[in-house]
Each structure stands twice: as structure tokens, then as C-alpha cells.
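Q: All chains should be built: construct the whole structure from the sequences, respecting the hints.
So the protein lines, in turn, are chains A and B. The first sequence begins at 1 in my numbering and counts up by one. The second sequence begins at 1 in my numbering and counts up by one.
By construction, these hints were calculated from the structure, which means they are not laboratory data. Treat the hints with care, as some may be off.
[What the hints assert, rightly or not] Here are some chain B residues the structure puts well away from chain A; computed CB gaps all over 10 Å:
#, residue
1, Ala4
2, Tyr13
3, Gln31
4, Asp33
5, Cys57
6, Glu111
7, Glu132
8, Gln226
9, Gln227
10, Asp235
11, Tyr236
12, Phe237
13, Trp244
[Said to hold, decoys possible] To be clear about the criterion: a stretch of chain A counts as covered by chain B if any three or more of its residues have a C-beta under 8 Å from a C-beta of chain B, and this derived list gives those stretches:
#, segment
14, 5-12
15, 19-27
16, 47-53
[To be verified] Straight-line C-alpha distance at most 25 Å; calculated DSS-like pairs for lysine-lysine:
#, chain 1, residue 1, chain 2, residue 2
17, A, Lys92, B, Lys117
18, A, Lys92, B, Lys123
19, B, Lys229, B, Lys217
20, B, Lys87, A, Lys92
21, B, Lys139, A, Lys101
22, B, Lys44, A, Lys101
23, A, Lys101, B, Lys87
24, B, Lys87, B, Lys139
25, B, Lys87, B, Lys117
26, B, Lys44, A, Lys92
27, A, Lys101, B, Lys217
28, A, Lys92, B, Lys139
29, B, Lys87, B, Lys144
Glycine residues also receive a C-beta, built at the ideal position from the N, C-alpha and C atoms.
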Amino acid sequence: MTRRPYIRPVRRYSWWLSQPRYVRYMLREVSAVFIGSYTLMLIVGLLRLSQGPAAYESFLNAVQSTAGVTLSLISFIFALYHSVTWFGVTPKAMPLRMGGKAVPPAIIVGAHWLVWAIASLLILLWVGV
Amino acid sequence: MRQAFRQLEVLRYDPDTDSAPHFQTYEVPCQDDWVVLDAINYVKENLDRTLSYRWSCHMAVCGSCGLVVNGESVLACHAFLRDYPEKIRVEPLGNFPIERDLVVMIDDFVEKLRTVKPYIVSKKERAIEFGETLQSPEKLAAYKQYADCINCLLCYSACPQYGLNDNFVGPAALALAHRYNLDSRDVGRSARADVVASNPGIWECSFVGACSEVCPKNVDPAASIQQMKIAITADYFMRLLMPWRKP
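A: Below you can see the structure in the form of C-alpha cells.
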């Protein structure tokens, strides 16, 4: 008997299209690009602010243009997707045991949402909304 | 009642005659309590005795009958025919070389499993007359989930990282490393770290999470890997901040 194992080719660039769960994973990974570009925009904003009122005004105009708003909206959706999925996996990465028993995953996820809500509230109060 | 049938498209590969695998279709009866493995057994017994595949227990314990059915990595004994459409595509586990038909070569996994020392590393050799080392139910519960692995390799089949880079130690071997690291009787954590904390170890995992989704025993290998990432990062900073402390 011959031993001649067959190695199936791997789709190097399109493997992630073969299953919905891989697509969801790639969407999560690509969220970094949009969150990164949004951060970059904020840094540019700071730079323009340091250059005087006129420069900052033109920056604000650019951000409020259709393209600027669209980009912000896309970044927001990706940031939301990233946060929701990130909180969702926290019980896996940080399982807690109390009194010899596992803390239910819903409580760990819930605690993250609670801290997020409190932090958001404090920031909103701080900036005076 | 009309007898229900399913079209079973099975990937065939004969290393003696084939240059590449091809699909062969069999028509099998679909009984309400039949799983995919029953259909394959039906083919073997009634239609084509040349079909090769692995199975043993028929009850999701032995971990031998892992296959890719309609694109999803499953245990053939755990997948009811009635849940599938008329055409069912049956392939060997993904990411492993095909030995013959539905049989894959798992040597790579076995070798990797060896490297993570999947056994209790004791402080001192204990003579067998001393009997077992006792452990409280609480301490058992700390790792029990990861001890449920049956080495069925569905996780390797579903893991795109392993598909792209077969240096990756992979989900099951790492989950078992974690299982022994968490065991109160074990002192092998730093010995395992050579493999576990290396780049082809936990750091090759980018948390796709497919391994845990296909795992038939709810071992959750993805969780074990993320927990080890945290533990190993903490170890690293502890060593950096307090070099005098023994790990």
C-alpha cells in the first residue's frame, strides 16, 4: 500500500469567505482600521486647533461634511460592533470563580456594561451635556 | 409513508490511483433516528465496500468520526440526517492531509500534543503503592471542562489559523496544556510555557473562536487560550517588576 497523503490547497486570501463565522471575525478585525482612522482624525483635529481658529474652523467643516459624517457613522457602527463582541467574550478570557462556583457569564458581561454606562455618564457630566 | 432518501456526496481519494480527491454520490435511506455515521455505515455495508473512514463508539465519546458535513466540522455520530437538506456533502476533516477517502493524517497533532506535556507533572515521583493523589471537588471543577476533550480534532478542522500556518500548536493541545496548568496536583506550568507561550503557541491564535463553536464537548479551547494569554502576560510583568520572585 502506498502512503501518499493529499494536501488540500488553502485559499490564502479568500478563506474567510467560506463561513459566516469567519466573515464576522474579519469584520471584527477590520473594525480596527475604522477605529484607528477615527483616532487619527481626532489627532488631526488637535493639530488644527493648535494652528489657530481659522484652521480649526476648516477642520470642523470637513468633519461635518457628508463624507466626514459618513465616515464617522461607519466608525461608530464598527466601534459598537467591536465593543459588543468584546464584552461578549469577557467571560471566556476572564472567568471568575467565587466560593468554589463559576460566576455566570451573564453577570461578568453585565458588569462590563454597567462600568461602561457609569463611565459614559461621568464623561458626559464632565463635558457638561 | 414514503421512504425518505438523502444524496450523500462523499469525498473519495485513493492514494494508489488518484492524483486528487473527487466526489462520489450515494443514495441512502434517511431514517428519523439516523445520524450521518449511520448513512456512511449503510454505504459501506450495502453500496461500496471500498469506502474508508474512522469510527468507533457511535456516541460522541471516542472522537474518531470527525468529518466536515456541508462545510461544518462535526462528529458524524452527532449529526442527524433529518437536520440536513436532500444533498449532504461529506468531506474529511479540514486542514489535515487526506490519507484515504475520509481518513486524515493526524500525526502533526499527536506530535504537538506531546510537546505540551499533557499529563500531571508532579513535584516528587510517587510510587504507585501510595495510590492516587486526592483532590477536592472544587479543585476538580477548576479544570474539569478542559479535561472533557476527546481529541476529535474538529477544532483544528475549523481553525483558519491552523489552516494558514501549521506551525500553530492549535486549540486542543493548548486546551489540554491549560487543563494541566489549572490542576492543583500539577507543577508543570513553567515547563509547558516553552511551547505554550511561544509564537506558534498561544500567540498564533487571533481568537476567531471557531474551535469553541464546533467543539462537541463544550471544552471551549478558545477560552483556554485567552486565559493563558492573560496568565502568561501577567507572569512576564511579574518577572519584570519582581525578578527575585520564583515563578
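Q: Does each hint hold? Answer for all of them.
A: Going through the hints against the structure:
The Cβ of alanine 4(B) sits about 28 Å from the closest Cβ of chain A, beyond the 10 Å cut-off, so the non-interface label holds. Not every CB of chain A is more than 10 Å from the CB of tyrosine 13(B) (nearest about 5 Å), against its label as outside the interface. Distance check on glutamine 31(B): its Cβ is at least 29 Å (rounded) from any Cβ of chain A, clearing the 10 Å threshold; non-interface status holds. The claim that aspartate 33(B) is not at the interface with chain A holds, since no C-beta of that chain comes within 10 Å of its own (minimum 28 Å).
Here cysteine 57(B) stays apart from chain A, with its beta-carbon at least about 26 Å from theirs, past the 10 Å limit. The non-interface label for glutamate 111(B) is consistent with chain A: the shortest C-beta to C-beta separation is roughly 15 Å, beyond 10 Å. Non-interface status of glutamate 132(B) relative to chain A is upheld: no Cβ of that chain comes within 10 Å, the nearest being about 21 Å off. Non-interface call for glutamine 226(B) relative to chain A: violated, since the shortest CB-CB distance, roughly 4 Å, does not exceed 10 Å.
With a closest Cβ-Cβ approach of about 6 Å to chain A, glutamine 227(B) is found to fall inside the 10 Å limit, against its non-interface label. For aspartate 235(B), the non-interface assignment is confirmed: its Cβ lies about 16 Å from the closest Cβ of chain A, beyond the 10 Å cut-off. Its beta-carbon lying about 17 Å from the closest one in chain A, tyrosine 236(B) satisfies the requirement of being farther than 10 Å from that chain. With a minimum CB-CB distance of about 16 Å to chain A, phenylalanine 237(B) clears the 10 Å threshold, and the non-interface call stands.
With a closest Cβ-Cβ approach of about 28 Å to chain A, tryptophan 244(B) is found to remain outside the 10 Å limit, as its non-interface label requires. Counting residues of the segment 5-12 of chain A whose beta carbon lies closer than 8 Å to any beta carbon of chain B gives 6, which meets the minimum of three for the stated coverage. Proximity of the segment 19-27 of chain A to chain B, defined as three or more residues with a beta carbon under 8 Å from a beta carbon of that chain, is established by the 4 residues found. For the segment 47-53 of chain A, the stated coverage by chain B is not satisfied: 0 residues place a CB nearer than 8 Å to a CB of that chain, which falls below the threshold of 3.
The straight-line distance between the Cα atoms of lysine 92(A) and lysine 117(B) is roughly 23 Å, inside the 25 Å bound, and the hint therefore holds. Only pairs whose Cα atoms come within 25 Å are accepted, and lysine 92(A) paired with lysine 123(B) is rejected, the gap being roughly 30 Å. Distance check on the hinted pair: lysine 229(B) and lysine 217(B) sit about 23 Å apart at the alpha-carbon level, within 25 Å; holds. As the CA atoms of lysine 87(B) and lysine 92(A) are separated by approximately 36 Å, the hinted pair breaks the 25 Å bound.
Restraint check: the Cα-Cα separation between lysine 139(B) and lysine 101(A) comes to about 10 Å, which is no more than 25 Å; the hinted pair holds. Between the alpha carbons of lysine 44(B) and lysine 101(A) the distance comes to roughly 47 Å, so the proposed pair goes past 25 Å and is violated. Between lysine 101(A) and lysine 87(B), the direct Cα distance comes to roughly 45 Å. Violation of the 25 Å bound is thereby established for this hinted pair. This hinted pair does not check out: lysine 87(B) and lysine 139(B) have alpha carbons roughly 47 Å apart, beyond 25 Å.
For a cut-off of 25 Å, the pair hint linking lysine 87(B) to lysine 117(B) is broken: about 42 Å separates their Cα positions. With a C-alpha separation of about 42 Å, the suggested pairing of lysine 44(B) with lysine 92(A) is violated against the 25 Å cut-off. Restraint check: the Cα-Cα separation between lysine 101(A) and lysine 217(B) comes to about 20 Å, which is no more than 25 Å; the hinted pair holds. A distance of roughly 19 Å separates the Cα atoms of lysine 92(A) and lysine 139(B); the hinted pair therefore holds under the 25 Å criterion.
Of the supplied pair hints, the one linking lysine 87(B) and lysine 144(B) is violated, its CA atoms being roughly 38 Å apart against a limit of 25 Å.
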